[in-house]
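All chains should be modelled from the sequences, with the hints used to inform the complete structure.
Spelled out, the chains give:
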Amino acid sequence: MAFFDIPLPVFMGQLLIGLINGAFYAVLSLGLALIFGLLNIVNFAHGALYMVGAFVAFLLLDIAGIGYWPALLLAPVIVGLFGIVIERLLLRPLAELDHLYGLLLTFGLALLLEGAFRHFYGVSGERYAIPDALQGVFNLGFMFLPVYRAWVIVASLIVCIATWLLIEKTRLGATMRAAVENADLVRAFGVNVPLLVTVTYGFGVALAAFAGVLAAPIYSVNPLMGSNIIIVVFAIVVIGGLGSIKGAIVSGFLLGVCEGLTRVFWPEASNIVIFVVMAIVLIVRPAGLFGKAA
Amino acid sequence: MKLFKTMLLAGAATALAAPALAQDGGGVSDDAVKIGMLLDMSGPYSALDGQGSVVAVQMAIDEMGGEIDGKTIELMTADHQNKADIGSNLARQWSDQNNIDLILGGANSGVGIALQEVTSEKNIAYINNGAATAALTNENCAPETGLHWTYDTDALANGTAVAMVKEGNDSWYFITADYAFGHKLEENAMEAVKANGGTVTGNVRAPFPTQDFSSFLLQAQGSGAKVIGLANAGTDTQNSVKQAQEFGIVQGGQKVASLLLFLTDVEALGLDAAQGLTLTTGFYWDQDDKAREWSAKFEEKHGAKPTMVQAGMYSSALNYLKAVKETGTDEAKAVVAKLKEMPIEDAFSRNGRVREDGLMVHDMFLAQVKTPDESEGKWDYYNIVRTIPGDDAFRSLEDGSCAAVKG
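Protein chains in written order, with UniProt numbering: chain A, 1 to 294; chain B, 1 to 407.
Since the hints were derived computationally from the structure, they do not count as laboratory data. Hints are not guaranteed to be accurate.
From the derived model, a few chain B residues whose C-beta atoms are all more than 10 Å from chain A [as the list claims (entries may be wrong)]:
| no. | residue |
| --- | --- |
| 1 | Asp31 |
| 2 | Asp69 |
| 3 | Met76 |
| 4 | Asn89 |
| 5 | Ser120 |
| 6 | Glu139 |
| 7 | Lys226 |
| 8 | Gly276 |
Here are the simulated distance ranges between beta carbons [claimed, not checked]:
| no. | chain 1 | residue 1 | chain 2 | residue 2 | range |
| --- | --- | --- | --- | --- | --- |
| 9 | A | Ile63 | B | Asp96 | 48 to 54 Å |
| 10 | B | Pro207 | A | Leu73 | 30 to 36 Å |
| 11 | A | Leu90 | B | Glu326 | 54 to 60 Å |
| 12 | B | Gly276 | A | Leu73 | 32 to 38 Å |
These stretches of chain A come out as covered by chain B in the derived footprint (C-beta under 8 Å, 3 or more residues) [as the list claims (entries may be wrong)]:
| no. | stretch |
| --- | --- |
| 13 | 13-26 |
| 14 | 117-125 |
| 15 | 137-151 |
| 16 | 209-220 |
| 17 | 253-267 |
A virtual CB, placed ideally from N, CA and C, is assigned to each residue, including glycine.
Right under this line is the structure:
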């Protein structure tokens, strides 16, 4: 059986690989969407913070001998705290100004972080080994699936679903959503909105760092890894609908698959297909697939 | 009347200046030999080229004492960001504003070809060390001003691809970086495979740069070819080699041939991932005493052993400066003509000479990456399998397509 001249096993394999890449996109765009939703800031530093997450995991191992599993928790916490400092010191004073200022500030921050890591570690990248428990491959019949890649899908799905449940089903999530709708009113009810904003930024950033740790064993830990992925992730957030949590998750996985299939049918176009989709979505549904029309 | 006087004065001034100008053509312009380096200083090729190349060229300048017969040697560097337009704009700017004498071009074939055009138009000497494409001395040759020094895609194909086909690895699938360099390397390697009785089952063009090669690797795996040829470089190579291992391609019985592998790639990959890879290189720091001695000095300054590109940068700058000294001028065509007469023999080059078409023909090495057990420590990464004499490594002048030489 074949699908568009592509043997089914190859097709299935490509679908799966698309899902794996989609997993990274989903976790990253989820963080971006959260931050945009509550802070109204287009967080250009997101890619750099993803890179910092990978580096923190690398440094934990290199300096302190702390392995992958603790790093999976520690790196997001460390980078999340760093995010909280950024929010308090740098973003807070810009809260009342035009969005553009936040965008410019975070963009500058991204350049600073990248430049600093490039200065100390160069661009050829550092090695980070796949943890022993996740070595090896599953033979699925139609392809060899590295155990680690399977873990990436599982881990990101868990994180995405947990975050979605937190936002949609808990009281804290309800307060957050309310603050998005009308911050002043929520404050009038005695909710500490500034604290909520800070925590949200920290959490969004922690998600980026989590994706960074997940990526570390697959790609070399590299100061440029963030800038390679961030523009794509922005496009995905726009496609999903700015600020929509569900949209970010679903379109993350969906576009990962879309990109993966393009790599079979028209490999040369695989790095622009997401932007083509974005252009089409913006024309047909300007608010994005899951966004509410303004 | 006043106008007439002015014109007369202007005419006299021109007449006086003319001999001075003519003289200038025979000497060193602006009393300085100006070298400009256009490199990838921050992107995927900056580890194998970048700052290390600047260090290497500075070593060549220091070796000449920082001046040639009282004329100082000036060095400028800029980041071409892997964009041909940025590279050629910088070259034009250096030519128009700084009166540059030599441009040393680094990795990236797209930029390399663009610089060839600008430098030949502006009559600037141009030596490229990092760009791989053999087009620089074939369809895009400019033999009066432009030289290609360290290696080219022909040499890579004649080394790695031929060696592997002869071992019985006779069916190939290519994963190719989708720009000038990848296309040329793929073309040369396909020719070499077919000429030696092998077959090509297919190819896929991956955008440059790519982080995730799994889709492409899976297609290569599905092709059933014995060898997956990687026509890419830098971080692209690192990611594809690493991921090939992750997806069990080598365990599945297929071989990975990295057609262009630098020392820094092996360092980043680690010997566990890179062991056994066959590669072709123009230079290895441990190839002989001369190379070891120079590389030790380089490591002191740069903190890493030199790649072939960095060593080639040193060699080309040193020989250029020697040629300027001998001819007494920094006029591009005169210096390049001189370089074609000189034997090229230094820490980098063995049995080297610059051919009519601008190609620096020299011995290349077929090497294999050591296993972790064989390696005695950091940077001890290659076993040299054999030396490929320059005339076997590179395409012959007769088979080449440089119009300016063929007439």
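TODO: Hint by hint, work out which the structure violates, then give me just those numbers in ascending order.
DONE: none
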